[in-house]
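If you want the building blocks of each chain, they are given just below.
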Amino acid sequence: MYDLQRELRDFIVTNFMFGEGAGLADSDSFISKGVIDSTGVLELVMHIEETYHVQVKDNELVPENLDSVDNLVAFLSRKLAQKETPADAELVAASQA
Amino acid sequence: MCGIAGIVSQDSTALRTLALERMVETLSHRGPDEHGLHIEGSAALGHSRLSIIDLSSGQQPMQLHNGRLWITFNGEIFNYVELRHELEQKGHCFSTKSDTEVVLHLYQEYGPDFVQRMNGQWSFAIWDDTRQQLFLSRDRMGVRPLYYTTAGSAFIFASEIKAILVHPRVGRHLDLQALDQIFTFWSPLPSRTAFKNIHQLPPAHSAILRDGHLKTWRYWKPNYEWEADDSPRAVGRAADQLLELLLDAARIRLRADVPVGAYLSGGLDSAVTTALITRLAPEKLRTFSVAFEDAALDESLWQREAAAFFGTSHDTIRCSAQDIGAVFPDVVWHMEQPVLRTAPAPLFLLSRLVRQSNFKVVLTGEGSDEILGGYDIFKEAKVRRFIARNVNSKFRPLLLKKLYPYMGPIQKQSPAYLQRFFHVDPSDLANPFFSHVPRWTLTARTKSFFSEDVHRELTGYDCIAEMQSGMPEEFSQWDSFCQAQYLETAHLLPGYILSAQGDRVAMANSVEGRYPFLDYRVVEFASRLSPALKMKALDEKYLLKRMAKGMVPESILSRPKQPYRAPDGASFVNGKAQEYVEEVLSTEAISNAGIFKPGPVRMLLDKFRSGRPTNTGDDMALVGILSTSLLIDQFIHQTRKQDSTCTTYSESFATSS
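Each protein sequence line maps, in turn, to chains A and B.
For the first sequence, the positions run 1 to 97 when my numbering is used.
For the second sequence, the positions run 1001 to 1657 when my numbering is used.
Bound-form chain A, shown alone (with noise of 0.2 Å):
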């Protein structure tokens, strides 16, 4: 099954953790516990649309998008559900289940 949140969970934890991510919960804020810095915010945007085929747009670069694990699944179901191909409507029903 698809699982949206292990899958940006793995990305936080390879990509700005090097393996260390035991000590993160879902719901703690990454500039909070020091995982990401003004510049890594943009690595992660970057990630998000490469690999999900979504567009970021300027005013959702906030927090309350993109600082925890559990607000980055939040935000990129409610981007994904936006979509209408059918690949993106199976992330966006798997994410969900």
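Hints in this document: simulated from the structure, not taken from any laboratory.
All of these numbers come straight from a predicted model, not from anything done at the bench.
Wrong hints could be hidden among the right ones.
To spell it out: a stretch of chain A is covered by chain B in this simulated footprint if at least three of its residues, at any positions, have a beta carbon under 8 Å from a beta carbon of chain B; those stretches are [claimed, not checked]: (1) 3-14; (2) 18-27; (3) 50-63.
The calculated lysine-lysine pairs, modelled on DSS-like cross-linking and capped at a C-alpha distance of 27 Å, are [as the list claims (entries may be wrong)]: (4) B:Lys-1394 x A:Lys-57; (5) B:Lys-1412 x A:Lys-57; (6) B:Lys-1447 x B:Lys-1162; (7) B:Lys-1536 x A:Lys-33; (8) A:Lys-33 x B:Lys-1401; (9) B:Lys-1536 x B:Lys-1401; (10) B:Lys-1545 x B:Lys-1402; (11) A:Lys-57 x B:Lys-1401; (12) B:Lys-1545 x A:Lys-33; (13) A:Lys-57 x B:Lys-1402; (14) A:Lys-33 x B:Lys-1162; (15) B:Lys-1545 x B:Lys-1401.
All C-beta atoms in this analysis are idealised placements derived from N, C-alpha and C, irrespective of residue type, glycine included.
We have chain A already, so just place chain B on it with the hints.
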């Protein structure tokens, strides 16, 4: 400029001679022109000389009064002409023309407090045979280095740590608490070094060693006290005073028996320094600069413009990321401490160009940003304070974008994120380290790579508390702008800018840097200026710009400030660096060293090699881990010798005893 070394112990003369010869030889790059030793009683002094003043008769160690006083001296006393005249009036007779002999006479005339009379950059040791004591001193700003240790009953000192480490009694161990400091503040706190039990005499300190006891004291400090008057008349007067002081600071720094050149970075400070020199010296000036292949870092357009404006004969070294990677092990060998940036490496290549051009001395603009309010961190703190006073404002966070016009990722950031990253929180306003919290927090992320053993060793240790305990009593009373200035001037300047990025990479190629902005009269004058004259709204170095109008190209005066930066992590992905990086950061090597976790280090390296986007924290982590690992190989395990000692020296020692 030179290298000094010495031993005070009861060991046999033969043992001390052998050890001191090795120590002085290790410092050959600092002084390739002559070497000398003096051993008498319990004292042994050594010297490697780069001849700049009095080429024919300034040999060291130098003595006075039939050997009752001996000195080994590194640096320059720029007002030695005036001091010598004063001493002659008092009946002192001189046998050389060197500034070193003036220091001996000053000691004889005034005792240890004489250093207050000197204007210069120095580290030296005087053996006073009558009192059986060693007097040590270091200049006010920490331009020249002085390290020491005790091993058994032996007191051992030198210009560089590598010279101390070749003494057979000295152990080689990393200081983990110092490492914790470097991975927070970019440099160890005063008196510490990256090596356990090896200390440095802090800037503006003197010390006396007698009967095995070392007494250390501070002889000078800046004090931030001013009368607020930013009326046009007062500003004009202050600009005139600053120019007068800087002209005199440059005038005495041009005293040398060899040609003097200058760095021209394309920024305001080096342009002002060059303008001062061209006013004072009629002959054509040679200037030098670094250009980068990466257009985002390159300032050669402004360098060429400045060189044309001043009519200098200008040389540039073009530097690629691969060039930095290729020389980085040599640079670490000379810096003797882990670093978070590769910025010292291009300056190492620049000083090589200077030396190859047959220059030994360059004047540069170092110190201006610290004392006259040029750094972005001052601006950043000002904006963050402004935001913290009204955290609900939607417009105030937009000012944060104005801070870093040269940084694309920050420009693309939303205000909400900027606000979070720059720690804008009203409750932080009372923190005396408010200005530096974002930088320290970002740097400290690298500590997540520390191994479990290192984390365990550091349990309960708080480097911020150690920083706090070393602050002067007045610190909490100073204006917030001055607090930030003090942190830069008292810590980052001597601990990194003037050492890893200054003395070490210049002296690696036997080049002496001189800094008019760090003349103590200029520093004291700047500390009496109101913060408004240093930064007017968000206009940095306001008074200096006012002073420099008409002296430097208008384009340099009006261009946005661009800090000196070099390619970091990208320097280690291709080219010559690949081979040693693979070796030094291998799982086996990282495990053996025990400082970092091998798995995350491998993932970090893979991230760079994969071509995926990387961030500032990644850059700092890779440079920090790599420099620490090279340092361990070179100095602790001694499994890696630097490829090239820049200067070779084969003459025999001149020994007196």
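Here is what the structure says about each hint:
no., hint, in the structure
1, 3-14, "violated (count 1)"
2, 18-27, "holds (count 3)"
3, 50-63, "holds (count 5)"
4, B:Lys-1394 x A:Lys-57, "18 Å, holds"
5, B:Lys-1412 x A:Lys-57, "11 Å, holds"
6, B:Lys-1447 x B:Lys-1162, "26 Å, holds"
7, B:Lys-1536 x A:Lys-33, "35 Å, violated"
8, A:Lys-33 x B:Lys-1401, "24 Å, holds"
9, B:Lys-1536 x B:Lys-1401, "18 Å, holds"
10, B:Lys-1545 x B:Lys-1402, "19 Å, holds"
11, A:Lys-57 x B:Lys-1401, "18 Å, holds"
12, B:Lys-1545 x A:Lys-33, "41 Å, violated"
13, A:Lys-57 x B:Lys-1402, "22 Å, holds"
14, A:Lys-33 x B:Lys-1162, "39 Å, violated"
15, B:Lys-1545 x B:Lys-1401, "23 Å, holds"
Comparing the model with each earlier hint shows violations of hints 1, 7, 12 and 14; every other hint is respected.
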